[in-house]
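Chemist: Quick note: the sequence shown uses full-length UniProt numbering, first residue 1, plus one each step.
Quick caveat, the hints were computed from the structure, so don't treat them as lab data. Heads up, a few of these hints could be off.
Said to hold, decoys possible - Restraint-style ranges between C-beta atoms, simulated for each label pair: (1) 109 x 79: 22 to 28 Å; (2) 43 x 87: 18 to 24 Å; (3) 19 x 43: 20 to 26 Å; (4) 75 x 111: 36 to 42 Å; (5) 114 x 146: 27 to 33 Å; (6) 40 x 19: 45 to 51 Å.
By construction, the Cβ of each residue, glycine as well, lies at the ideal position given by its N, Cα and C atoms.
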Amino acid sequence: MSVMDGRRRSDNFRGPYELTEETPVYVISVAAQLSGLHPQTLRQYDRLGLVSPDRTAGRGRRYSARDIELLRTVQQLSQDEGINLAGIKRIIELENQVAALQARAAELQAALDGAAAVMQQREAAVHASYRRDLVPYQEAQQTSALVVWRPKRQQTAD
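All chains, please: the whole structure from these sequences, using the hints.
Modeler: Here it is as structure tokens:
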């Protein structure tokens, strides 16, 4: 797994014939043509860790659609924005960190929502178990009224 591209190589294939944007299918010459870059530039970007394609058993590079898009982004940042390759590498690292943190935040939010739902169910079960002759205690407001309670006297049958 490359640190730079933020993906797990084992997740490249969903099934034996399903292609995703992560599926490494393009050889370096095709990737160079699709990205508008020279193959030597792709090799240089790989050495620098900017774009790290998968490798075949014979160590040949295989680029995915995501890799091609990243190559275009690197080229755009370099040519149009004037950012050096070290700066581009840092930008890519930070973007990957942001994406990972957003995914983690979504996971934690889902877990929190699930825990809140469980707590609401438990609270509802507790409320349902209350005896009906009991009244939940509520804080009494300050008042000067006096309430006197007298139990009913039991009448004796004589």
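Chemist: All the hints need checking, so say for each whether the structure fits it.
Modeler: Now for the hints, and whether the structure bears them out:
A hinted range of 22 to 28 Å is violated for the C-beta pair residue 109 and residue 79, which are about 39 Å apart. For the hinted restraint 18 to 24 Å between residue 43 and residue 87, the CB-CB distance of approximately 20 Å keeps it satisfied. The supplied range of 20 to 26 Å is met by residue 19 and residue 43, whose beta-carbon atoms lie about 25 Å from each other. The given range of 36 to 42 Å is respected by residue 75 and residue 111, whose C-beta atoms sit roughly 40 Å from each other.
For the pair residue 114 and residue 146, the beta carbons lie near 50 Å from each other, so the given range of 27 to 33 Å is not met. Here the CB-CB span from residue 40 to residue 19 is close to 27 Å, at odds with the stated 45 to 51 Å.
The structure shown violates the earlier hints numbered 1, 5 and 6.
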